[in-house]
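> Residue numbers (this note's numbering), protein chains in the order written: chain A, 490 to 962; chain B, 490 to 962.
Among the hints, a few may not be true.
For identical chains, the list gives no copy identity; a pair is met inside one copy or between any two copies.
As the list claims (entries may be wrong) - Once the Cα atoms are required to be at most 16 Å apart in a straight line, the calculated EDC-like pairs of lysine to aspartate or glutamate come out as:
| id | residue 1 | residue 2 |
| --- | --- | --- |
| 1 | K899 | E909 |
| 2 | K816 | D590 |
| 3 | K572 | E941 |
| 4 | K824 | E605 |
| 5 | K572 | D561 |
| 6 | K796 | E888 |
| 7 | K822 | E605 |
| 8 | K944 | E908 |
| 9 | K505 | E948 |
| 10 | K816 | E900 |
| 11 | K873 | E900 |
| 12 | K755 | D635 |
| 13 | K620 | D635 |
| 14 | K595 | E817 |
| 15 | K738 | D771 |
| 16 | K769 | D714 |
| 17 | K824 | D609 |
| 18 | K755 | E573 |
| 19 | K822 | D579 |
| 20 | K816 | E888 |
| 21 | K824 | E608 |
| 22 | K591 | E817 |
| 23 | K824 | D579 |
These are calculated hints, taken from the structure and not from any lab test.
2 protein chains.
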Amino acid sequence: MLHIHNTLTKRKEPFKPLDSRIVKFYVCGPTVYDKTHIGHAKTYVAFDVMRRYLEFLGYNVLYIVNITDIEDKIIMKSLKTGKEWHQIADENIVDFFNATDKLNIKRAHIYPRVSEHIEDIIKFIEKLIEKGYAYEAEGNVYFSVDSFSDYGKLSNITREQLKTFEEGSGKRKPYDFALWKKAKPNEPYWNSPWGPGRPGWHIECSVMSSKYLGSQFDIHGGGEDLIFPHHENEIAQSEAYFETKPWVKYWIHTGMLIMGKDKMSKSIGNVITVEELTSKYDPMEIRYYLISGHYRSQLVFSEESLKHAKAAYNRILNAISNLNQIKEEIYGKYKATDKALKTFYEIIKLRNELIEAMDDDFNTPIALAKLHELTSLVNKEILKSPEPLTVLAALKAYEEASEIFGLFEKEFRKGEGREEQLISSLINLILAIRQKYRRRKEWSTADWIASELRKMGIELSDMKDKTLWRIKL
Amino acid sequence: MLHIHNTLTKRKEPFKPLDSRIVKFYVCGPTVYDKTHIGHAKTYVAFDVMRRYLEFLGYNVLYIVNITDIEDKIIMKSLKTGKEWHQIADENIVDFFNATDKLNIKRAHIYPRVSEHIEDIIKFIEKLIEKGYAYEAEGNVYFSVDSFSDYGKLSNITREQLKTFEEGSGKRKPYDFALWKKAKPNEPYWNSPWGPGRPGWHIECSVMSSKYLGSQFDIHGGGEDLIFPHHENEIAQSEAYFETKPWVKYWIHTGMLIMGKDKMSKSIGNVITVEELTSKYDPMEIRYYLISGHYRSQLVFSEESLKHAKAAYNRILNAISNLNQIKEEIYGKYKATDKALKTFYEIIKLRNELIEAMDDDFNTPIALAKLHELTSLVNKEILKSPEPLTVLAALKAYEEASEIFGLFEKEFRKGEGREEQLISSLINLILAIRQKYRRRKEWSTADWIASELRKMGIELSDMKDKTLWRIKL
Chain A
490 MLHIHNTLTK
500 RKEPFKPLDS
510 RIVKFYVCGP
520 TVYDKTHIGH
530 AKTYVAFDVM
540 RRYLEFLGYN
550 VLYIVNITDI
560 EDKIIMKSLK
570 TGKEWHQIAD
580 ENIVDFFNAT
590 DKLNIKRAHI
600 YPRVSEHIED
610 IIKFIEKLIE
620 KGYAYEAEGN
630 VYFSVDSFSD
640 YGKLSNITRE
650 QLKTFEEGSG
660 KRKPYDFALW
670 KKAKPNEPYW
680 NSPWGPGRPG
690 WHIECSVMSS
700 KYLGSQFDIH
710 GGGEDLIFPH
720 HENEIAQSEA
730 YFETKPWVKY
740 WIHTGMLIMG
750 KDKMSKSIGN
760 VITVEELTSK
770 YDPMEIRYYL
780 ISGHYRSQLV
790 FSEESLKHAK
800 AAYNRILNAI
810 SNLNQIKEEI
820 YGKYKATDKA
830 LKTFYEIIKL
840 RNELIEAMDD
850 DFNTPIALAK
860 LHELTSLVNK
870 EILKSPEPLT
880 VLAALKAYEE
890 ASEIFGLFEK
900 EFRKGEGREE
910 QLISSLINLI
920 LAIRQKYRRR
930 KEWSTADWIA
940 SELRKMGIEL
950 SDMKDKTLWR
960 IKL
Chain B
490 MLHIHNTLTK
500 RKEPFKPLDS
510 RIVKFYVCGP
520 TVYDKTHIGH
530 AKTYVAFDVM
540 RRYLEFLGYN
550 VLYIVNITDI
560 EDKIIMKSLK
570 TGKEWHQIAD
580 ENIVDFFNAT
590 DKLNIKRAHI
600 YPRVSEHIED
610 IIKFIEKLIE
620 KGYAYEAEGN
630 VYFSVDSFSD
640 YGKLSNITRE
650 QLKTFEEGSG
660 KRKPYDFALW
670 KKAKPNEPYW
680 NSPWGPGRPG
690 WHIECSVMSS
700 KYLGSQFDIH
710 GGGEDLIFPH
720 HENEIAQSEA
730 YFETKPWVKY
740 WIHTGMLIMG
750 KDKMSKSIGN
760 VITVEELTSK
770 YDPMEIRYYL
780 ISGHYRSQLV
790 FSEESLKHAK
800 AAYNRILNAI
810 SNLNQIKEEI
820 YGKYKATDKA
830 LKTFYEIIKL
840 RNELIEAMDD
850 DFNTPIALAK
860 LHELTSLVNK
870 EILKSPEPLT
880 VLAALKAYEE
890 ASEIFGLFEK
900 EFRKGEGREE
910 QLISSLINLI
920 LAIRQKYRRR
930 KEWSTADWIA
940 SELRKMGIEL
950 SDMKDKTLWR
960 IKL
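Extracted from the complex, chain A is given alone in its bound form:
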C-alpha cells in the first residue's frame, strides 16, 4: 500500500484519497517571468512521477498546475524591457511547455492562469472580508493572520517569529499578508471593489485549486521553499473560507536543486535552463538524473553527477533495446529450462521490490536500483541464453517501469518496428535513385534530393561507393 510523507503531519501516512477512486492533485506551477530552468524541472518531474504512479495503481487522477502570469517579477521585467506583461508571460509559457514536453512530463488536465481567474479571486476575497478574516486598507486587502487560530500548522512558524516581519502600507499587523494589491502607476491592473489593483500571490492558489477541485482535496504539492509563507497562507485563506479541515489531506514538498551553495534561482543568477541542457543531453538522461535522488532530498547539480546518470540511464536503455532486438528470434523453443524458471522468479522479485519502493513515499532511487539489478540479470543471464520466458518477463518489467518513471517509452512505442523498417526501406530506395543521378552526373537533382531529405531531418554522408544516412530527431 502506498505511503506518502505528509508535510502537514510530518510523517509517512497510508494514502487514502477522499473518494476511493479519484485523486485530486494540485501542484504550484511556474511564475512565467523567465525560462524554465532545471530547478523547476526537478519539481515538475517529481510530481509527474507521482501522478504516473497513482495512475499505475489504478486511480483516476485530476491533475492541475497553475500558471502565475501576473506578479511582481513579471511586472518588473515588463518595466525593464518595455514588453507588455502578458507578452512576457506568453513567451515563457511556450518555453515552459517546450521544456516539460521535452522532459516527457504529462500534460496537466488544467493549467489555470491567474489573469483569467480575476473575477473568481475578487469574489473569494469579498467573502473573506465579509467573514471577518480580511480587511481593506488604502486600496489593498490584507488577510488578518490573528483571525485564523490554526496559523502555522504546516510550517510550524511561531507567533514570536511572525512578529519580526516588516510593516506594510496600512497593515494592522506586520505579518498580515496581501490578498489584493493596489496598482502603482504604470502597473497592470483590474478593477475591484477596492479600486484598481491585482491579486496577491497566495490567494490565486486557494481560489483556482478549489474552483476545480472543490472545498477539500487530496494532494497539494510544490517545492519546499513554498511551505512558508505560500502554503501556510493558502491554508489560512482556504480553511477560513470553506471551514473544512483539513482543506488539503496530503501536502507534498520536493527538495530544491542546489547549484553551488544556493538553490537554483533566477534571482541568484545560478541558472541552467532546460533549453540549454537539452541541447547537450538527451532529455531522458536529464529526466533520469532528476529522479535519481529521492524527491524530498535536495539535488546538488554537477556535470559529473549528470554524466553518471547519463551512463546509468543508457545502461538500462541498452538492455531494453537488446531484449527488443532478440524478441522475435527467441521463439521456436517449446520448453523452458529450470534455470530460466528460476530467473523468471528473480525478475518478478525485483519487479515487486520496485513497486514496494514506490509504495514507500515514491522512493525512486531504490526503485531505479532495482531496475539496475534487473539490468545486471539481463546482461549476465538472460541475453546469454535467451528464452521466451525470461525475455518476455524482463520486457514486461521494463515496460511497467517505463510507464511509472516516464522513461524508455520510445522503446515500447515503436509500433513493433514496422514504421522504422518502412522508413529505412524508403530512404534506401531514395538513395538508390539518387545514385542513378550521381552516376549520370546529374548533380543538381542529386543535391536537390539530399536537401529534401535534410528538411525531413535526414543527414547524408556520401562515401566513395555508398551513402550513409542518419535521422536527427
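Once you've looked at the hints, dock chain B against the given chain A.
Using the frame of chain A, we list chain B on its own:
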C-alpha cells in the same frame, strides 16, 4: 475486487491467487493438425483478455499454453498425406502463431510441446502406477478411475453415466482412460517401460502444467468442451500424483463458437480459418467481435453480426483517432468550463463502471458498452467543444481500455505521429522524383520505383496529374 466464475464450485468467487502477487495461469492450447480457426481464436482471445486484465490489476502473470503435437488426428493426417507427423505439427504451429499474432494475442511465456516432454510424462506415469492409481495392460497404461474417489467433481458426471463407456483393449473398467498408448504399426512412437508407444491426451496437461507451475496453481482454462473428460481426467491424475487439493484453484471455461447448429470444428467441417477471415476483415474487428459476448457464452457466428461488430469497433476507433488529431490543438486554454468539469466526472464514472464490469467475471460486453457510452459522450460533447481536461481524460480512459482489451493499440503506439509523418514525406519525395521520370517518358524507371514501393506494401494509383498512394499493412 475481481470475481471469477469457477467451474469447480459452479459459482463466482473472489479472486485470491495462492501467492498474492503472482498468478499462475495454464490454458489448454491447440492440437496442431490443421489451421487455426475462429473457434480456436474465440478461446485464445478470451484468455488473452483475462491475462491482460490481471496484468492491468498489477499481478505478475506466468502464462502457459501447451501445444499438442502428437495425437490421433495428427497421426491420421500423416497417414493420409504421407507427411511426417512433426512436419504437419510444425506447419500448423506457424499458422497458429501467425493467427494469434494477427489477433494481437500476447505471446505466452512458455508453449510446451508434448513431443519435447515425453520423458517427464513417462516419469509421471511410473509414479501413478507405483501409487496404485494406474496399471499396465498389453503395452498400454490406464488410469483406474475407481481408485480416485473424487472423480467427477468438475463435470458432475456420475458413476452411472460412466458405466455406459465402451471397453478398450485391456481396460479393467470401460471408463478407465489411457495414460500411455501402445504404438500401432506405422505410428510414431517413443520407447517406454511399457514398450514403444506415445502418451494419451490427458496426461500431457497434468505433466507440463505442474512442471512449470508446481503442484498447485491458480487458473486452468480451456474451452467448455474440455470439462469432460479432459479436465476431469487431469484433476484425477494430478491430485492422485501430488495429493494437493485442489490442484487448481480456479477452473475457467469458455463458450464455444457455433457455426450453423454445431460448434465450429474441423471434424464437422464447418470451419472458417483465421487466415481466411483476416483477409476480409481487419484482425482488430475480428478480435472485437470475439469479445463482444461474454466469454462463458456461446457465440453464434454470422457475417451479419461480424459486420455489426466491425461498425461498432470502427465507431470507437474513429472517436480515438479524432481525439488524437485534436490533442495538440486544444492547448492555449487556461481555464476549464463547468461543463467540461462535469463531463470529466462522467468520463471517470464510465471508466470506473468499465472496471467494475471486468471485475465481475471479465464481463466484456458490459465493459464494451461503457466504452460506447464514452464514445457517445466524445461525439456529442467533447469533440464539439474540446478542452484539455476532457480530451486528456477521454484519451486516458481509451488507453486503459486498449491495454485491457488489446484493441486500438496502434492509436496509442504511433510514436506521437513522427514516424507516420516521416513516412508520408518520404513517399511524397519518391513520387515527385518518379514524376520527373514520367515526364521524361522514362517508363521503365518509373515502373521500377512503383514495383519497389509495392514490395514495401505501398500501392500507387496513377491519376491524370497526380499519384495517390496507400499503405497496405
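> Hint numbers the structure violates, sorted upward?
3, 6, 9, 11, 12, 15, 16, 18
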